[in-house]
Amino acid sequence: MQTQMPPSTQRAVAAVTESAAAMFLTLTVAGQLCGVPVLAVRDILAAQAITRVPLAPREVAGSLNLRGRIVTAIDLRRRLGLPPREAGAPPPMSVVVEQSGELYSLLSDSVGEVLALPEEGFAANPPTLDPLWRDVSRGVHKEDERLLIVLDVDRILAIG
Amino acid sequence: MDDLLADFLTETNEGLAALDVALLKLEKAPDDRQTLSEIFRNVHTIKGTCGFLGLSRLEKVAHAAENVLGKYREGSLKVTPAGITLILSALDCLKGIVSGLENTGSEPVGDDTALIASLDAAWRGEMPAAAEPEMPSFGDEKPAEAPPAPEAVAEPVAAPPPAVVAPPPAPPSISRGGEHDGEGGGGGGGGGGGPITPAQTIRVSVDVLEDLMTLVSELVLTRNQLLQLVRARSDAALTVPLQRLSHITSELQEGVMKTRMQPIGNAWQKLPRIVRDLANELGKKIELVMKGAETELDRQVLELIKDPLTHMVRNSGDHGLENPEQRRAAGKPEVGRILLNAYHEGGHIIIEIGDDGRGLAVDKIKAKVVGQGLATEAEVASMSEREIQHFIFRAGFSTAAAITSVSGRGVGMDVVKTNVEKIGGTIDLRSTEGKGTTFFIKIPLTLAIVSALIVEAGGERFAIPQIGVVELVRAGGSAEGAQIERIHDTPVMRLRDRLLPLVSLSRLLQLEHAADEGRRDAGFVVVTQVGANVFGIIVDKVFDTEEIVVKPVAPILRHVTMFSGNTILGDGSVIMILDPNGIARATGVGADGPSEDASRGPEGMRGHRSSERTALLLFRAGDDTPKAVPLGLVARLEDLPGESIEHSGGKTLVQYRGKLMPLVAMSGGWMPPEPGKRQAVLVFNDRDRAMGLMVDTILDVVEEHLLIEGASEQPGFLGSAVICGKVTDVIDCAWWLHQAGDDWFRGTAPAAARKRVLLVEDSAFFRHLLVPGLTAAGYDVTAVDTGLQALQLREQGAPFDIIVSDIEMPDLDGIGLARAVRESGTWQSLPMIALSGRVEAEQVRRAREAGFNEYVGKSEREALLAALSECLATPVIS
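Chains as they are written, first to last, in the UniProt record's numbering: chain A, 1 to 160; chain B, 1 to 878.
Calculated from the structure, these hints are not laboratory results. Not one of these hints is a red herring.
Which residues of chain B face chain A? A partial, calculated answer using Cβ under 7 angstroms:
no., residue
1, E218
2, L509
3, A554
Bear in mind that the values here come from a model prediction, so they are computed numbers and not experimental data. Ideal Cβ positions, reconstructed from N, Cα and C, are used throughout, including at glycine.
With the sequences and hints as input, model every part of the structure.
Here it is in structure tokens:
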């Protein structure tokens with residue numbers, strides 16, 4: 001049984017959804033600014049104790065406990081083929097995302113702010129981009145000072 | 001109200017609610033096969049249950065609807081909105097009847113013929129597009145006027161009409177999709193003062209329990225943090241309430257965990273009734289035997305396997321068992337048996353559903369496989385019987401020729417298999433045509449709460465389910481403890497009588513660091529059993545056991561078969577749960593299923609080859625030459641006070657463990673020790689006999705290949721061997737034992753050609769005694785404990801020149817072994833020598849009849865050696 005919303009409400013809801021869809025959480029991985037759709041993000045956690053998972057794909061940093069739920073941590077540096085964090089660097093932040101009922105944490109060097117990215121700023125991946133990056137990037141957003149890579153969470157989690 | 005009926009009502013209400021949603025979904029996407037199958041199964045379940053409860057009106061409507069859905073599923077009829085409307089109106093009719101049932105305890109009287117006729121017409125493919133407006137919606141079954149007439153309930157529903165003086169039954173409110181869409185049927189009795197009395201239990205959705213569990217876990221974590229804070233501050237005012245909080249939290253945690261566990265018997269409760277009704281309906285005699293009903297299962301798992309189980313039991317009764325005439329003709333008892341058995345095994349719960357019926361007809365399956373185009377004739381011809389039997393798990397495959405209301409129609413084993421696999425389980429079957437079929441459902445722990453041992457390896461902590469853990473052994477460290485030894489880099493451990501294969505956890509999980517190399521052989525061995533295989537897991541540290549809730553690992557980690565799940569410990573850390581089955585598979589320790597036993601190869605079971613390393617006890621007695629005796633022969637080492645040694649009738653004795661034990665001096669010039677000194681004694685025993693061998697000093701225990709060179713002329717010695725670089729005399733225990741009493745035996749060893757001897761002897765003592773002796777005499781000896789093991793060696797194709805077997809053994813005795821050997825196989829013409837403690841004419845005759853060529857008393861070693869060389873020299877007449 002579906003409740004019918006008055007058309008005006010429907011429009012308003014659609015607008016909110018749309019604007020939320022254009023919101024991105026920025027994060028940095030080895031100096032590179034990245035963005036993930038804010039609707040995909042469930043939680044942001046400071047440094048956590050991570051249990052290593054032996055024999056796991058190398059991108060998997062381990063598992064951590066988020067209020068009683070087990071979250072699989074993906075090291076974005078390893079996922080993007082970047083060098084490991086320097087010794088003594090601050091511990092990574094966890095950006096928790098959900099995919100088909102499972103929680104994953106994307107380990108990032110730092111987490112920035114939530115930005116609205118206007119449509120017109122988007123550009124397709126340059127064809128010369130590293131195939132590994134092209135695979136996980138939905139496109140590039142031209143910021144004033146720098147470029148932001150929009151990460152495709154589903155592709156990031158498609159490991160193995 | 002009957003429990004069965006009440007359960008049926010709740011289930012059916014849930015099913016109907018789900019059906020509404022699914023049908024609407026189907027209407028939007030008519031090609032969605034998954035939804036269609038789901039709808040079909042749901043209706044099928046409702047129909048099936050109605051059949052058992054004798055709810056004929058419900059059954060008829062459901063059956064007609066199922067017919068149409070069946071056509072949709074096959075694809076021979078197209079899903080149309082009109083068709084959906086028709087099915088929906090059938091559902092409404094079902095709902096009406098169910099609500100009447102709920103209010104009065106019996107099916108309301110009504111006429112569904114018009115509806116059924118439309119359904120049947122649709123089934124035949126006549127779908128008058130205009131038919132639906134005048135669909136016999138539920139106008140005509142509005143049974144408001146129906147008298148309650150509980151007698152109208154058809155046959156076996158013993159449901160006693162509720163004793164409540166029925167208020168004139170409130171007209172069952174059959175508002176479309178009315179109250180039944182709600183949560184379960186818990187509140188079903190509410191309206192109109194229905195006769196359903198509130199039950200002692202309530203149905204709670206698993207999600208609620210799941211949420212509770214999560215909350216409790218968080219509570220535990222918070223509590224732990226709080227405890228730590230308070231400990232640091234030592235604030236006395238907080239201590240007491242915090243302790244109480246801690247206590248309550250623990251109890252709450254325990255309670256919530258308990259809510260998830262149920263004995264599997266709960267899922268079986270209805271089966272006896274179902275089987276009885278089934279037997280009546282089919283005219284069969286069926287006995288249902290249930291074992292292991294107390295085996296606890298996670299509630300969620302239990303819910304999920306309940307239906308498959310019921311289905312399988314029905315299947316066993318319907319397809320598996322024959323009717324009494326057929327059984328009689330087949331020479332079986334008239335009463336067929338369905339056996340349900342549940343038990344824990346190696347971290348899994350195994351449920352067996354077996355029958356002693358006709359078994360799977362491989363030829364029929366073959367024909368059907370070819371007929372349905374699932375495989376070609378040639379492919380079928382090359383398949384093993386097992387592969388062919390497994391076709392019954394394919395969708396739409398049913399071997400029953402007739403469709404009955406009980407099972408059939410292709411909703412069969414494929415559904416069961418899907419449901420079992422949904423919870424991460426496996427299903428297997430073993431069937432012998434004419435003898436019966438047994439299904440094995442193996443459900444992993446994935447959803448269950450288990451007690452687990454927390455261990456550490458390579459700096460990481462892991463949980464090992466306690467269920468698979470046999471014992472815990474500390475390795476290395478002290479001299480007397482068990483040691484991790486290596487055979488070409490493969491770690492093993494001698495644990496009591498067996499050689500235990502070991503697996504290094506840190507190495508297996510690739511956690512090994514170079515720094516750990518040094519202490520590789522120290523640590524703990526978790527002795528684990530998987531099926532029939534026992535092996536040890538080497539870990540660095542062992543902590544405590546903890547009750548853990550197993551959570552499935554994330555999909556991207558699921559390929560790591562070494563883990564069965566993960567969990568959060570009390571301290572809030574995540575920990576991986578090891579799967580002993582996965583470890584066994586990964587390391588080749590053991591095969592997974594019973595079917596694979598045969599493929600284990602000769603490594604799987606090997607007797608004690610005399611060329612294996614033997615632990616030897618080195619000691620000194622008399623002269624300076626070290627003496628050696630196989631450690632396995634020595635029961636104990638004693639250091640007796642000199643005063644305790646007594647003399648009687650020319651013999652030296654000691655009171656030992658409540659008995660007199662004869663003592664024999666190793667060296668000729670033995671003098672009793674001076675008072676206050678002590679005497680080293682090697683104690684040998686077998687069953688109730690014991691003797692002590694007095695020696696000067698015990699030197700060491702070493703492990704060497706015992707290769708005895710040159711038979712000794714000196715009585716009491718088998719010969720010499722080089723042990724630890726020194727020539728050592730290997731003593732002949734038999735000779736020394738004989739010195740202590742007549743019932744021990746003796747002999748010396750003449751040299752002979754190197755022939756392969758299979759020694760079958762159940763007593764470890766005699767085995768240890770005979771193996772060195774025969775080796776010394778130049779034979780290549782393989783010893784096994786039982787006749788069955790011997791036959792297993794035969795299956796594995798082990799070659800031998802002669803068999804020496806004890807007569808009295810458990811399981812398969814020597815006589816049985818001889819018969820089996822003579823009957824068939826590669827050993828048919830091997831010479832066989834019987835070995836027995838009793839030499840009586842009758843025994844000898846029986847042994848010869850069974851196929852033994854020679855018969856020798858256990859105590860006559862010379863005779864045995866003579867018999868061996870004689871048998872091997874002359875060709876055997878078989």
